[in-house]
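Visitor: Take a look at the letters that make up each chain.
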Amino acid sequence: MSIIRVLFLVLASTAVAGTAYVGWYGQGGESFDLDRSVRTGSGGAFVGGRVK
Amino acid sequence: MSRAPDIKAIDCATCGAGLDVLGGGRVTTHICPYCGTALDALDGYRALKKFSDAPRPETPFSIGMSGTLYGVEWTVIGLLGHRERWAGKVWEWVDHQLYSPTHGYAWLTLEDGHLTFARRVRGTPASVWMSSTGVEASENPPSVFHDGRRYKYLSTTVSTVFYAEGEFTWAPQFDDRTTAISALADDEMLDFAETGQEREVHRVVYLDGPSALAAFRLPETTLRPKGVHPTQPYHGWKEAAFLRNAALGFAAVALAIGLILAIMPGRLVLEPTTVGLNQLPRDVSFRIDAQADKLAGLYFSANVSNSWAYIDLELTDPNDEVLFEAGRTMEYYFGRDSDGSWSEGSRSASLHFLPTVPGEYTLSIGGVEQGLWGSGGRSASWVQVSARTGMSSGYYPMVLAVLLGMLALVLSAGSFIHNRRRWAHSDWSDED
Numbered sequence: 000m001s002i003i004r005v006l007f008l009v010l011a012s013t014a015v016a017g018t019a020y021v022g023w024y025g026q027g028g029e030s031f032d033l034d035r036s037v038r039t040g041s042g043g044a045f046v047g048g049r050v051k
Numbered sequence: 000m001s002r003a004p005d006i007k008a009i010d011c012a013t014c015g016a017g018l019d020v021l022g023g024g025r026v027t028t029h030i031c032p033y034c035g036t037a038l039d040a041l042d043g044y045r046a047l048k049k050f051s052d053a054p055r056p057e058t059p060f061s062i063g064m065s066g067t068l069y070g071v072e073w074t075v076i077g078l079l080g081h082r083e084r085w086a087g088k089v090w091e092w093v094d095h096q097l098y099s100p101t102h103g104y105a106w107l108t109l110e111d112g113h114l115t116f117a118r119r120v121r122g123t124p125a126s127v128w129m130s131s132t133g134v135e136a137s138e139n140p141p142s143v144f145h146d147g148r149r150y151k152y153l154s155t156t157v158s159t160v161f162y163a164e165g166e167f168t169w170a171p172q173f174d175d176r177t178t179a180i181s182a183l184a185d186d187e188m189l190d191f192a193e194t195g196q197e198r199e200v201h202r203v204v205y206l207d208g209p210s211a212l213a214a215f216r217l218p219e220t221t222l223r224p225k226g227v228h229p230t231q232p233y234h235g236w237k238e239a240a241f242l243r244n245a246a247l248g249f250a251a252v253a254l255a256i257g258l259i260l261a262i263m264p265g266r267l268v269l270e271p272t273t274v275g276l277n278q279l280p281r282d283v284s285f286r287i288d289a290q291a292d293k294l295a296g297l298y299f300s301a302n303v304s305n306s307w308a309y310i311d312l313e314l315t316d317p318n319d320e321v322l323f324e325a326g327r328t329m330e331y332y333f334g335r336d337s338d339g340s341w342s343e344g345s346r347s348a349s350l351h352f353l354p355t356v357p358g359e360y361t362l363s364i365g366g367v368e369q370g371l372w373g374s375g376g377r378s379a380s381w382v383q384v385s386a387r388t389g390m391s392s393g394y395y396p397m398v399l400a401v402l403l404g405m406l407a408l409v410l411s412a413g414s415f416i417h418n419r420r421r422w423a424h425s426d427w428s429d430e431d
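Same order as they appear, the protein sequences are chains A and B.
Under numbering that gives the first Met the number 0, the residue at position 2 of the first sequence is numbered 1, and the numbers go up by one with no gaps.
Under numbering that gives the first Met the number 0, the residue at position 220 of the second sequence is numbered 219, and the numbers go up by one with no gaps.
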């Protein structure tokens, strides 16, 4: 098996295992708006005329 | 009837040039390359007529050259120049008639610097055939199956012979029209042609140019192929197929892991607790003791009805430090119109965070803003909150799956583009 194949298999395995590990602990699942106010633009969809 | 087998050379009946006789017993016509006179090989090489004065087409091969292809030594015994005109464009190619005393006749074709090798396929069943009328009557590109391969219609070629020299098993006629239909499989092509009462099927395969030239002791750089020939195989990076398949396999594994992690429910640490909106601000506490290093979630719902409600939130950790401030909107609208009932929005909302330490967390619901839609709107009177911990996230495994899928696509692109260029030679149009 060529070095490129071995390298790819090792890197891909590591990446899958790594993302599975951090995913198990919930990394990447946090809400993106936790440290800032979301008041701007709030007020419901109908205010912007988006309601059917 | 066949010519005398012991004749090795003749003199042209018109110009007197000495001509080697290289072909087998099925040769019927010998065209002098010097004066263009067609000689009858079955009748003492008497002059039949002058073929044409057209200039010899460009080809590195000449009559008498020998080379080994597919383990068989072939000799070039004839040369035909073909021309096709269609829609103001002109295509030209050169067919070289090859002969082997043990394997009979074959064609070496040169077009746009590409070399192909064709041999007649004998004994094909009647189903392995395409005709012009059949193609024109078909709504989709017709196909035939032969030797486990599917050959799909590629093009119809109507060509004329503008140049001929050497020996042939029939009598080429200047400007004679030949109609051939080509059908393409993954790595080879079938050509269907009807001559008189006889149907001919030829199998065409691509020749590696430098190797074929070397076989005939010609410099390997003699030809400069243009574009992609329909029968040309794809020679991409040799590792591409393995890496593409491996990337797809790892992408599937990463996607499966991501989906499993995404649906893991965790553990309820705050039972659904209802808070009246007229009681705000209010604090709600819950404990995260086990699995404090995993994702936690807060879930809200409100009794909005054709209305919206926005709540201010602040979470304090066990050290009395504010972990974050946020807000969530719940909005739900519904009604009926000419299309029937409709609804949009959601009475629920959520947020997720990573706890810092085990202990008691306090959620402060600071205030509320509300609005109504239409005359039937009703303001929310309460919000319900619950919390879960010990959750996982499929985000990064899914991102990895997408990246690996994109890598597989990139690795497939070369083969895909090559295939498109092969089929670009097709004259099939769905609009006809």
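No lab work stands behind these hints: they were computed from the structure.
These figures come from a predicted structure and were not determined experimentally.
C-beta atoms are modelled at their ideal positions from N, C-alpha and C, and glycine is treated no differently.
Don't take each hint at face value.
[Claimed, not checked] Ranges between beta-carbon positions, derived for each pair:
| id | chain 1 | residue 1 | chain 2 | residue 2 | range |
| --- | --- | --- | --- | --- | --- |
| 1 | A | Ile3 | B | Asp175 | 51 to 57 Å |
| 2 | A | Gly17 | B | Ser142 | 43 to 49 Å |
| 3 | B | Lys88 | A | Arg4 | 31 to 37 Å |
| 4 | A | Ile3 | B | Ser131 | 30 to 36 Å |
| 5 | B | Glu138 | A | Leu8 | 43 to 49 Å |
Visitor: State the violated hints by number, sorted upward, taking the hints as numbered earlier in the document.
Guide: 3, 4
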